[in-house]
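Could you build the full structure based on these sequences and the hints that come with them?
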Amino acid sequence: MADTGDGPTYQLLWALYLTTVVVTLGIAGLLTTGVRGATVPIVAVFGSTGLVATLGTVLGLRGVPARLAPRPLYASGARLLPGLAGLGLAAVAVVLLFDPLHLALIPGGAALPLLFGGLVTAGVGGLIAIVAANVEARARLDGVEATEWRARPDARRRRAWYAVAVALAVVLLAAFAVTRDVTPLIWVNCVAVVAARGHNSRRYWLTDEELCYGATETYRILDRTDIAGLRFEDDRLRIERRGWRPALTCDLGAIDDSTRVCDALSEERA
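Each residue of the sequence shown is one higher than the one before, starting from 779 at the first, in this note's numbering.
Treat the hints with care, as some may be off.
[Unchecked claim] Restraint-style ranges between C-beta atoms, simulated for each label pair: (1) G1007 - V800: 42 to 50 angstroms; (2) V944 - G825: 38 to 46 angstroms; (3) V836 - E1045: 31 to 39 angstroms.
Bear in mind the hints are in silico, worked out from the structure with no lab data behind them.
Glycine included, every Cβ here is placed at the ideal spot set by N, Cα and C.
Structure (structure tokens):
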């Protein structure tokens, strides 16, 4: 049987995902029925701990269902659905919280756990999608001869990322200055994350079938048929992608053998 990449980390992510969904709906249900006091935090703490341990054990022994394993999930094109489901739950919570139609379906306090739980669910679902892509990329590159290089984004793209980081820092500092609340400063690490997108190099692997690329153990796959074109401008390379996705850019000056890379990208495949 082919290796589907269903490892302990992936099993734990699914245990966390399912636990978050169940506990979120359970707490919202308790608050809707009027339960208050110590019952809610007890359910949240002990319920989530017990459920994630139980699900983690079951998935560890039996494995994730075949269709949800990383490679089948990637092949089906459904790897983004877990994260989108979490965003959908958060969106429902926002509608219930503001209740524009005045339906009063659930108390406002019950919508807050749905909102928070939906966002956490979306985050864990995003990690599931990342792991699925990583497993698929490694499987495709295993034993395959690839043209490999490392490059930063071109200077224009780097300046754009730095500008976004500066703008984000200004917004957070302004929010702190106006509210005197330290909460905006908690997100200051996001400034470094955004700036790193412009500074850090990506690794690229080009095979006969696809272009795999990524940084810090997070990989993506671009089929060669989805490469819409190549543009060489001054000291940068733009790899145009079909659809709405922005082009990939490389600083040619940072590539050891840029001629070899350009020739490999330009080579037509049967």
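Review point. Which of the stated hints cannot be reconciled with the structure, identified by number in ascending sequence?
Key: As far as the earlier hints go, only 3 is violated by this structure.
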